[in-house]
Amino acid sequence: MSSAEDTNNWVGKSLPRKEENRLLRGRGKFADDIKLRAMLYLRFVRSPYAHARIVSLDTSAAEVLPGVACVLTGAEIAKTTQPFIEIGPDPFAKIKDYPLAVSKVRYQGEPVAAVVAESPAEADDAAELVQSEYEALDPVVDAEKALEDKSLLHEDVGTNRVWNGVFEYGDVEGAFKEAAYVVNIDRLHFHRFSSTPLENNVVIAQWNPKDERIYYQCNNSFPSFAIQFLAAHLGVHIDRIRVETSDIGGSFGIKITSYPQMAVCALASKKAGGRPVKWVETRSEHITSSAHGNERTFRDTRVALDKNGVITALVSRHIDDCGAYPRYEPLGCVIWSQVFPGVYRFKNARIDFSQAVTNKCPVGPNRGYSRMQHLWFLERIVDICAHKIGIAADEMRLRNYILPEEFPYTTPNGCVYDSGNYPKMLQVAKSLFGWDDWKIKQAAARKEGRLIGIGIGTTLDSGTNNFGQSQIVNPFLPYSGNSQGANCKLDIYGEVVLAVGSCPQGQGHETTAAQVVADVLNVHPDLITVRTGFDTERNVHTGFSGTYASQFAVSGLSAVHGAAQKLKSEIKRLAAFALNTKEDDLEFGSGAQGPEIRAKSSGKSINYWGLSNLVNANSASLPSDLYEITLNCRYVWRAPFKVPDTKKKYGSLTLTYASQLHVAVVEVERDTFIPRILDYVAVDDCGTVINPSIVEGQVYGATAHGIGAAVMENCVYDAVGNMLTSTFSDYTPITAMNMPKVKYGHIETPSPHSYSGAKGMGEGGAAPIHTISAALQDALFANDIIIEDSFNNADSLFRAMAAKEIRHVVSIEKRI
Amino acid sequence: MYPRAFHYHRAGSLREAASMLSEFGDAKLLAGGQSLIPLMKLRYANPSHLVDLNFIEGTSYIKEESGVLRFGALTRHAEIEASTVAGKIPIIHDCAAGIADVQVRNRGTIGGSLAEADPSGDWATVLITLQTEVRCQKSQGDRRVQLTDFIKDAYTTALAQDELVSEVVVKVPPKGSAGAYLAFKRSAPVYPTASAAVQLTMDGETCKDAAIALGCVGLTAIKAKDAEAALRGQRVTEKTIAAAVEAARAVADPQSDMRGSVDYKRMLAGSLVKRAIDIADRRARGEQVEAGHIYA
Numbered sequence: 001m002s003s004a005e006d007t008n009n010w011v012g013k014s015l016p017r018k019e020e021n022r023l024l025r026g027r028g029k030f031a032d033d034i035k036l037r038a039m040l041y042l043r044f045v046r047s048p049y050a051h052a053r054i055v056s057l058d059t060s061a062a063e064v065l066p067g068v069a070c071v072l073t074g075a076e077i078a079k080t081t082q083p084f085i086e087i088g089p090d091p092f093a094k095i096k097d098y099p100l101a102v103s104k105v106r107y108q109g110e111p112v113a114a115v116v117a118e119s120p121a122e123a124d125d126a127a128e129l130v131q132s133e134y135e136a137l138d139p140v141v142d143a144e145k146a147l148e149d150k151s152l153l154h155e156d157v158g159t160n161r162v163w164n165g166v167f168e169y170g171d172v173e174g175a176f177k178e179a180a181y182v183v184n185i186d187r188l189h190f191h192r193f194s195s196t197p198l199e200n201n202v203v204i205a206q207w208n209p210k211d212e213r214i215y216y217q218c219n220n221s222f223p224s225f226a227i228q229f230l231a232a233h234l235g236v237h238i239d240r241i242r243v244e245t246s247d248i249g250g251s252f253g254i255k256i257t258s259y260p261q262m263a264v265c266a267l268a269s270k271k272a273g274g275r276p277v278k279w280v281e282t283r284s285e286h287i288t289s290s291a292h293g294n295e296r297t298f299r300d301t302r303v304a305l306d307k308n309g310v311i312t313a314l315v316s317r318h319i320d321d322c323g324a325y326p327r328y329e330p331l332g333c334v335i336w337s338q339v340f341p342g343v344y345r346f347k348n349a350r351i352d353f354s355q356a357v358t359n360k361c362p363v364g365p366n367r368g369y370s371r372m373q374h375l376w377f378l379e380r381i382v383d384i385c386a387h388k389i390g391i392a393a394d395e396m397r398l399r400n401y402i403l404p405e406e407f408p409y410t411t412p413n414g415c416v417y418d419s420g421n422y423p424k425m426l427q428v429a430k431s432l433f434g435w436d437d438w439k440i441k442q443a444a445a446r447k448e449g450r451l452i453g454i455g456i457g458t459t460l461d462s463g464t465n466n467f468g469q470s471q472i473v474n475p476f477l478p479y480s481g482n483s484q485g486a487n488c489k490l491d492i493y494g495e496v497v498l499a500v501g502s503c504p505q506g507q508g509h510e511t512t513a514a515q516v517v518a519d520v521l522n523v524h525p526d527l528i529t530v531r532t533g534f535d536t537e538r539n540v541h542t543g544f545s546g547t548y549a550s551q552f553a554v555s556g557l558s559a560v561h562g563a564a565q566k567l568k569s570e571i572k573r574l575a576a577f578a579l580n581t582k583e584d585d586l587e588f589g590s591g592a593q594g595p596e597i598r599a600k601s602s603g604k605s606i607n608y609w610g611l612s613n614l615v616n617a618n619s620a621s622l623p624s625d626l627y628e629i630t631l632n633c634r635y636v637w638r639a640p641f642k643v644p645d646t647k648k649k650y651g652s653l654t655l656t657y658a659s660q661l662h663v664a665v666v667e668v669e670r671d672t673f674i675p676r677i678l679d680y681v682a683v684d685d686c687g688t689v690i691n692p693s694i695v696e697g698q699v700y701g702a703t704a705h706g707i708g709a710a711v712m713e714n715c716v717y718d719a720v721g722n723m724l725t726s727t728f729s730d731y732t733p734i735t736a737m738n739m740p741k742v743k744y745g746h747i748e749t750p751s752p753h754s755y756s757g758a759k760g761m762g763e764g765g766a767a768p769i770h771t772i773s774a775a776l777q778d779a780l781f782a783n784d785i786i787i788e789d790s791f792n793n794a795d796s797l798f799r800a801m802a803a804k805e806i807r808h809v810v811s812i813e814k815r816i
Numbered sequence: 001m002y003p004r005a006f007h008y009h010r011a012g013s014l015r016e017a018a019s020m021l022s023e024f025g026d027a028k029l030l031a032g033g034q035s036l037i038p039l040m041k042l043r044y045a046n047p048s049h050l051v052d053l054n055f056i057e058g059t060s061y062i063k064e065e066s067g068v069l070r071f072g073a074l075t076r077h078a079e080i081e082a083s084t085v086a087g088k089i090p091i092i093h094d095c096a097a098g099i100a101d102v103q104v105r106n107r108g109t110i111g112g113s114l115a116e117a118d119p120s121g122d123w124a125t126v127l128i129t130l131q132t133e134v135r136c137q138k139s140q141g142d143r144r145v146q147l148t149d150f151i152k153d154a155y156t157t158a159l160a161q162d163e164l165v166s167e168v169v170v171k172v173p174p175k176g177s178a179g180a181y182l183a184f185k186r187s188a189p190v191y192p193t194a195s196a197a198v199q200l201t202m203d204g205e206t207c208k209d210a211a212i213a214l215g216c217v218g219l220t221a222i223k224a225k226d227a228e229a230a231l232r233g234q235r236v237t238e239k240t241i242a243a244a245v246e247a248a249r250a251v252a253d254p255q256s257d258m259r260g261s262v263d264y265k266r267m268l269a270g271s272l273v274k275r276a277i278d279i280a281d282r283r284a285r286g287e288q289v290e291a292g293h294i295y296a
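For the protein sequence lines, the chains are U and C, in the order given.
Take the first sequence: its letter number 706 is residue 706 in this note's numbering, and every next letter is one higher.
Take the second sequence: its letter number 68 is residue 68 in this note's numbering, and every next letter is one higher.
Hints are computed from structural coordinates only; laboratory data are not their basis.
Glycine included, each C-beta is placed from N, C-alpha and C at the ideal position.
None of the hints are false.
For each label pair, taking beta carbons as the anchor points, the in silico distance ranges come out as: (1) C/Gly-12 to U/Asp-33: 36 to 42 Å; (2) C/Ala-160 to U/Lys-743: 57 to 63 Å; (3) C/Ile-37 to U/Glu-669: 32 to 38 Å; (4) C/Ala-160 to U/Ala-38: 45 to 51 Å; (5) C/Arg-4 to U/Asp-58: 19 to 25 Å; (6) U/Asp-300 to C/Gln-255: 33 to 39 Å; (7) U/Asp-90 to C/Phe-6: 51 to 57 Å; (8) U/Met-801 to C/Thr-156: 36 to 42 Å.
Based on the provided sequences and hints, a complete structural model is requested.
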């Protein structure tokens, strides 16, 4: 029996996941596993056009088909509901976003009607019978063209520019005056891709006519956000909406914005007299019309450098493409600035940031959301400047990295990087990689005419947002800070039960949360029951609860730790009474009858059942001054944030900054132009590691996702807004067969901002995209090719190499 | 997505299946279902009747008889992959072992693949470099059709409306002949971007005969006759290979899609021919060389 406080035996161990038994044996419970009595099935009828006026929509044949319960159209629901809340300021509040298109459609795949039937097959049959007629409008598929406002998506707004803001810090003009080099980059482009969770979106909704309550069973990954949108849209009190999630087969942020489909299912249930309505998204629906990641174009970039290649200033104009409806946007217009200077030391910068609506699928916060686009941009700048000036890519980074001794580091825009050591990560990566050997091999291969490049990508995964940054995009928004709730209790028989407000999708929250509680109470993690999955009625959530934005290790586990500490102090008070001793005489541990508290002086002990019994079932012996003890402890953790200065766009926007440094060798095969990854190293620093095997798993997952994005996965639209990659045959998500062997390494720079030193790390900062772009740049620079796009497959590399004229997108002014 | 309602029939024999086709008219045959079922789920194909061939005895086999290999129409790709008999023609193993993914190979059939005549299918490209006959069954009688005559156009074969494939017969190449099949694909479940099959019959240093076919770069598999002529009767040298590659590129007629642009596919087809010639040549000399599907 150990007496140490917070013995920290379990945190830091590669404890196998508690979830494994259920998930790996196929015994998980996912939303589509739920079958309810009298359940109906919903199918959306979707627009084949990207931009068109709805001339007519005839649902009469569908409505009379046997088995059909009801049909909903946009025009019908617009009569009884409010458009969804817009996060952006005026005039964008004029955007009318309904979950079914009302008078016009704005992207291919936008739902225009929903049919509800006794079986999925009958719903499909009925959907085919909905007759629609459209009058095509000029589609806008390019964000830069959208800003010309020749064809408007939302006429009431009067422009396609959803948001614009200038982020300026330091003395930009002064730095350019003193620059030894100025590098101009005409255009860089970060492509549109998405996530392909194994499980698509699923919603089951019941609108109970008895009490006007709405019950959702679904896999939305940020339910506390969704219910705020749903309540206002549907016109019901938020406490009447219950959302329950169970196991979720991946989200990567894409399932945050499923609230429009959730709304339709509830309205369908209401129309069908309260019967439960289930919608299971098909894969093609998911690819064409759930949510995509943000596409971004970087124009007119100018970089000032001193004679040593140290970047001193940066000017650029960024245009983000958010698709047809902003939804979670324009939050992305500020979220990128969490990593404003990336891992670099420059102080002077001006970025003019705009966001445009286009006739494409709305975006959602896809893994690495908004920051990865910016971090890729910065990494491209570093490599392009290095090549143009003639400095090696590793040396260029060492000259520009924020130095280890500068942490905590305040960025030009007031963010505080908690900890990090980028030069050390580079060193670890190089040694795992065999950097010097590869340099020799590369030189030899180049002599044979082979196109081999070595690339470095350094990136950040900022976690635990300050929602106050939303006030930078709209000063009237009532959000700031961040909080998470947890509840830790001894149940009547003394079981330790922990409930959290997160909805994990494979991140192992049950395991890491149990590790934390196990250390606080000094019991085995197997003895702790962890209830994950969001449930409004479990009463542990706050307005920020969900699983997104790399934060559970910090916000979630801080709440868990706080709740466990609270329970521990109640247990102590109670045990001191029961064992007739002082609190400091007590030790926590396990005895013959399970977890117990023992008095060191007398050797007497009381187990958890005994303690719980005193409170719950044998309370006559309890003195009244202990009545306030419930052994049922809710704790809300709040992040120590201030509201940022919205005018200066200055303030602490995120609590922790995990970092990733990847190195790759990529060969562009001369005869196929396949970018073949010959070697790959991923080094991660997420501060103090709670569970090494879970962290390593996340790194592999994020690496696969990033490599997929870099060379395989691209959401392609043609000139009129048809999505050309609506199946896996065309979108080609990465598979194991496409993965190189990844060498994994890590360092730990504990965060001073979290109680445990941990940092959120689930998103991974899209390091592979930066790394592969860098390696390709290194491979092809001698052929005068600049990697301008984040997506590079064999075909695009072939076309770049075969192009008769070299495109001069980069120029350098030397002033020394 | 769910298919439209259809009538399901389980055929007891190939002959009965053929007569069901003529009886029902709007009917489709279900073999491995790897093309048909996805099309039905998406409601691109909506047959009123589905005739299931999977319960017919004796339709799945690989036999060697007097200089030919006989493949029952319902022989799965995976069975061919695992067969030592089929392995006698290495190019057949190259193809069978890499078609799509394991699930598809376990279900998909050689007869179904040829009858579907998808421009991106693997089998036709490989089998037109060999001497291949397709046996076609009607409710009364059957016939044999050379594979080159069997495939007419994209998704179009010589099969009559009431006719189906019963067997695929491939002549075993002579001694000194070796082939290689290479298909470049982006990930396991997708069709290749381009593919090339090369079968060389060597007589010492001289290429006595060459068969070269391109896949996925036209409406059907393309026999690259000029490329064959560039090698036939010649030594396999850098120069003759280059001529064959150029001739192959010239005959490629690809379409631009998400797998690649026209120019890229044409370039790639030639590069695959070059690699396949090299492997076939080395195999003809008795070298063990890997070939098959290449991943990006």
